[in-house]
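Read off the chains here:
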Amino acid sequence: MSVVMDLVYLLVFPGFLFLFAAGLFAEYVDRKLYAKIQNRVGPPIVQPFADFLKLLSKESIVPEAADRDVYLVAPLFGLAGVLTAILYVPVWAEEAVFAFQGDLVVVLFLLALPSFALFFGGWHSRNRFSDVGTLRTLTQLFGYEVPFFLACLAPAMAAGSWEISSVMGTLSTNPVALALLLPGFAVGLLSLQAKLERVPFDAPEAETEIAGGSLVEYSGRKLALFKLTKDMELVVGAAFLSALFLGGPYPLVGVAGPIGGFVAFALKVLFVVVLLTVVKSAFARLRIEQAVGVFYRWAVGIAIVQMLIVIAAATAGIGGL
Amino acid sequence: MSGGSDERIPVGPQHPSLKEPANFMLDVDGEEITGADLTLSYNHRGMEEAAQRKDYLQNIYLLERICGICSHSHTTAYVQAVEELMDVEVPDRAKYIRTLIGELERLHSHLLWLGVGGHEMGFDTLWHYTWRDRELVLDSLEELTGNRVHYAINTLGGVREDVAEDQFPELRENLEQIRERAEYYREVVPEEETVLMRCEGVGTISREEASELCAVGPTARASGVPTDVRKDDPYAAYDQVDFDVVTHEDGDLLARVLVRLEEIVQSCDIVDQVLDEMPEGDLKGSPKPTHTLPNMVEEGEAISRYEAPRGELIHYIRSDGSDTPERVKVRAPTLANWPTVVEGLKGSYIADTPMIVAGIDPCISCTSRIGVEMSEDAAVSIDGGDGKLTLDDLSDYAKDWYGQEVN
Amino acid sequence: MKGIPGRVIPEALKTLGMDRATVNYPAEEAQQPDRFRGKIEYEAEPCTGCGLCERVCPADAIETENDGERFVWRYDLSRCLYCGQCTEACPPDAIVSGEEFELGSGNKENFVEEHGFER
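Line by line, the protein sequences give chains X, A and P.
Once you know that position 155 of the first sequence is 155 in my numbering, the rest is easy, because the numbers rise by one and skip nothing.
Once you know that position 234 of the second sequence is 234 in my numbering, the rest is easy, because the numbers rise by one and skip nothing.
Once you know that position 38 of the third sequence is 38 in my numbering, the rest is easy, because the numbers rise by one and skip nothing.
Heads up, some of the hints might be wrong.
[Claimed, not checked] Result set (DSS-like, lysine-lysine): computed pairs, CA atoms no more than 25 Å apart in a straight line:
#1 Lys14/P with Lys32/X
#2 Lys36/X with Lys14/P
#3 Lys32/X with Lys230/X
#4 Lys36/X with Lys227/X
Hints listed in this document are in silico derivations from the structure and should not be mistaken for laboratory results.
Quick caveat, the model's predicted, so the values are computed rather than measured.
So here's chain X without its partners, still in its complex pose (with noise of 0.2 Å):
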């Protein structure tokens, strides 16, 4: 019963099927926010359905120089990462799917895996393009990913737990420490802005200069994985820091079980999305070095701050920490 019950999990909800249903709604609403922002008016909620069927019906080239096993595994790298990540985050209820100590710093690395993807699939694609884009992909990877790392460790610390569940479960029927937590919360956009390669930190996609980065010579099935994929990436960073900073599917799982959950859940992760929307829609494309040199000197500066906020307050026994 329990491994039918797994496979349920696995592969309808909340894996791949929720996820992809989750990852096209996302981008309608992305977009759509991002057009009206703009005066315009916007896709329907049906067209990142129809992008992705008219990729999948388009022709997959294999470039003669590529390497053509890398070139081909990497679009399932990233998928794999995003949808097993997911099973750890609290998604209706108290308790992730799986979960156990130490599946925060999982879920942190398999977050990583979609940018690994990137870098294998275009720098094995062998094109001049292509090089600049992974290159700047790595380039950003060691800028956010410290960031990152130490802002998802301050609820950590102020839980004292290494599971994403118990931390969850810990914080979210303590406003104070929420309050307390609002640096991190920050920096955790940001970073999530660039693991995601938005605008202000899309130098290494970016369309006007090196002509679509690392995803330059990929086309139809392949180019559809990895637009899911990074649909995919939004949600699962979303729900993953809405999860450690904003309480996840509480305050409603007391009051209306797992449905309540699960709506509180789908709110606190549209939220998520309309904030990197907003920053999307109003800041200009950074330069890679540039890109880094904000995450160096102010992200990881106020992580450090908010660590230090943390153990100050629990110290100080404010909140309850």
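Given chain X, work out where chains A and P should sit, using these hints.
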């Protein structure tokens, strides 16, 4: 083909950042550009040759289509040269109307550039805002002339359409809104931190370099060279309106942005003055029907200069007394600005290439009059040894070039 | 840091409350101003067969045939620049600029219009 320390990255002729085909071969070392090679003339259409087969009246519509954004600049410059050859006096009202349309064109061109610059930077929101506000200018132009892009308001000796009395209030209302938006951009764009980060110190051209490379227009004015044909050599009604030549000292991309933002507000001022002071009078300088005017052109040559939104535009016409010109030569302002791009690219990053190219507001269709590469070991000596290039020399060179093996 | 990050955000949030700036064409009709230069319209009645329109056209879009008995006026939509020079040159105003601009067609034959009258 893996990355060594010296790679060549081709930008163009098909590239997402270029609106028209041009080719830059960048020598790069990591992210830094060490040298650049420029190849133009992908958009060569034989305009000058076609102009020699049509009469002076038909050429207005032909030369208008050299460029979509600065179409009025081309017709006015051309028509001014022909009027000099015809010795016809243009009435004041026609001059004011030409100025009005010219400044509206400068407004729409600078707003378009602001949007395109934003897009090159990845700032799509700015792009959509400026292009939305640009629609107000295009609506006004359509009310006045009947078309949004190729206005065809000029004719030999004057203009074709009048500004009717009942159009003034709507024009002024549109102008109010445009001015409000222009002042918003002038305030906000230089204050946005990411714009400053991308534009400051990028593609710097010093004042001496700008003078030496013969830069024109806002590109030169941003480096401190106060060259503006509207002040240096006034035409149409520019000697009767009050405006400043906008310059800036730094010479980097931010300076060019600031110069153009200020020029947008200046243009609103000029349009206000023109609408207030428009004199009564005829629209055409000659009472004869316009289709007979090409026969009145006398033998001689004429040069006409115009301050297009991108800089100084020169038209040269040589006439042999018939109703078709013997030679028409167009020197577009973008052609004069390309050397600054090549200079500015050296020492910059790859990421700055679209910005530096967009900084001169390139109109590659305007530029592509001719592209000749003189190499020491060419199979044919291009100028036949006498130091002068004639059309026949070039025609022989082209036949020889296409007859060669492509290597 | 000399500027303000996110300086555009107030304007962005204000724009969320505005109506869209785009026109839903072709569901909504496009409005043309009076002076709009669309497809030219020819009337045989005032036409004198002088052929000035053919002479001034920059794009060779108008062709006339005159064999003494019948005058034929042929107009190629696909060559026309919509400049309006023919409307200016025509002495009896037999040619005027119309309002039509939705002129696309899949057949090349649809682009040539022919009118004529007996002299």
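Broken hints, by number: Failing hints: none at all.
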